[in-house]
Amino acid sequence: MSNSIIRVEALHKSYVNGSNSLHVLKGIDMDIQRGEMVSIMGSSGSGKSTLLNILGILDNYDAGSYHLDDIHITKMNETKAAQYRNKYIGFVFQSFNLISFKNAMENVALPLYYQKVSRKKRNNVAMEYLERMGLREWAHHLPSELSGGQKQRIAIARALISKPKVILADEPTGALDSQTSMEVMEILKEVNQTGIAIIIVTHENDIANQTQRIIRLRDGVIESNHINHSFKLESVEVN
Amino acid sequence: MLSDTVYVLFNILKMFDYIEEILSTLKKNKLRAVMTGFSVAWGIFMLIILLGSGNGLQNGMEFNFRNIAKNAIQIWPGRTSENFEGLGKGRSVQFTNEDYDLMKRELSGIDDISGRLYLWSDVAITFEKQYANYTVTCVMPEFINIRLMDIVKGRFINHMDIKENRKVIVLSQTIVDMLFKETEPLGEYVKVGGIYFQVVGVLSNPTDKNSKDAILPLSTGQRVFNGANRLSNLALTTTSTTVEANKQIEEEIRGFLAKRHRFSTTDQEAIYVWNTLESFKQAQGVFAGIRMFVWVIGIMTIIAGIVGVSNIMIILVKERTKEIGIRKAIGATPWSVVLLVLSESLFITAVAGLVGMLFGMGILHIASTVLTNVAATNETIRFIFYNPSANFGVAISATVLLVVAGLLAGFIPARKAAGIKPIEALHDE
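Protein chains in written order, with our numbering: chain A, 880 to 1118; chain B, 4 to 432.
Quick caveat, the hints were computed from the structure, so don't treat them as lab data.
Take the hints with a grain of salt, since some may be wrong.
Stated by the list, open to error - Derived EDC-like pairs (lysine to aspartate or glutamate); straight-line CA-CA distance at most 16 Å:
#1 K995/A / D270/B
#2 K999/A / E24/B
#3 K981/A / E24/B
#4 K981/A / E23/B
#5 K419/B / D1098/A
#6 K424/B / E957/A
Kindly generate the complete structure, drawing on both the sequences and the hints.
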């Protein structure tokens, strides 16, 4: 068993739209270790969203290979993909993507519903995770009654509840002010400390600088992939 | 054993869990759910009401046949309307005991047969100081198997009565009530046209409580009232239960009587034949037609409901695209999404349909109760419309229809929902 949680080799992806074919990913090679915290940067159109969708098994790729926890992810049916997503991956989105008519606890508990955990048990587990996020007293509030930061913390709790190997965060701080952004990043770092790999797609340097490694994409290829030294520095400072 | 119980309990809990999941989304749109359900409820309501009404009409019709065996054939004499073998038309046909004897002996397919003699002239029936005029009928013992009557007390005419020309009489309950008041009628003597007859039985007619029948043994009647060997008409039951066989027997009888009384078999006025089974089957055919018509209308109405539900569900799926996308991203399989939509539509149609069904059944029950009360004072209603119930079979069919309707209504939207791509749904702001 290798130490990489995500291993991508020569990944290609094109979108065919009528007679036009748009080659979005042009051979991506990437290896993310267990427990690593990595950011993927790039301007819009660089292919970072497409890459994230493929990593999240929300989309197929055309050529190359993708191993998630040493499992070769190939073209698979939706049922299988859904099961892998549920088991291995937690999603955190820019727009939170909470279900508006379910309260905080029910939103957090939802992944367990798809694991066929009983209502009582999954609500109990959800309360534990809300506790960890400091949102216990907000458990019975609807998303519309919560602030952006609270919503994102609920989304993170939801991503964590199924004990995933990787968290994929798509611009997790994009809709938040800088103060709240920092709080959310602190939580993500804490999560990372527990051994869960985190991949953050962002275009903010402030955010990227708080990760161990920064991968820059440009026009569908990796432009740079280097260890973020300021992260170490910061860690030292914290310690 | 214990683990089985636990397993069952667990599954029931899971079902509650599942229903709660559906309810939580329905609660969000109460008005819409109710409005959608209404069309289905209305459809089922109409179906039940129509089917119940059909039943009511049929019950009324069948009530008309309750006082006669289903395979009875009755023959009345008429006048010939065609010249035949040198005999002019316009001759009256007169049945006699000979017809009865020969038919009984020579024709196959006859089960019970009885001649019937009406004493047309005013025959007064007198008991002590009470008297009244009634039509007195003289019959054979088999008559009660042809015209079905309930024996309230005592017995019907029997073969000993016929053989010994006994002077006995069987009376309707109505006549008994009128003549005897408080007196016990059995064993008492009434005067019929000046001659004493002993009352041996009391009858009631199942379709007509007010019918006034006074029945004598045929042989006695013919002898006492100068009937000689004449018969007013013939009544019989056949040994078969199919219309075809009955028709066949009817033709044989017609041929037999035509030969004996010398009229053409094509002469429709020489004798009149009332074939009960044929009429009964015809009436039943009409009602089968009505029932089919009702089902068609009902199903059409429900289809309108299905389309309505389907429409709403499609809109619902569209509105919930993002939610479904989220669900899929966090691990909902396509099948679970299909189930989500399907069970929601099933839930709406089932609940709404059940409400419609109960309403329909309730109305029918009320109507039935009202009709029973009306029938207590006015018998005629029973012949037209009675007990408009939707029976268990109808309820079951309606339930099956509901489930199918719910599944159909959810099918297209569910497929749409399952096809939602999470990436696109999540970007659908």
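Hint check:
1. A threshold of 16 Å between alpha carbons decides the hint, and for K995/A with D270/B the separation of about 82 Å lies outside it, so the pair is violated.
2. A C-alpha spacing of about 13 Å is found between K999/A and E24/B, which places the hinted pair at or below 16 Å, so the restraint holds.
3. Straight-line distance between C-alpha atoms of K981/A and E24/B comes to about 10 Å, which keeps the hinted pair within the 16 Å bound.
4. With a C-alpha separation of about 12 Å, the suggested pairing of K981/A with E23/B holds against the 16 Å cut-off.
5. The suggested pairing of K419/B with D1098/A is violated, with an alpha-carbon distance near 34 Å, which exceeds 16 Å.
6. A C-alpha spacing of about 10 Å is found between K424/B and E957/A, which places the hinted pair at or below 16 Å, so the restraint holds.
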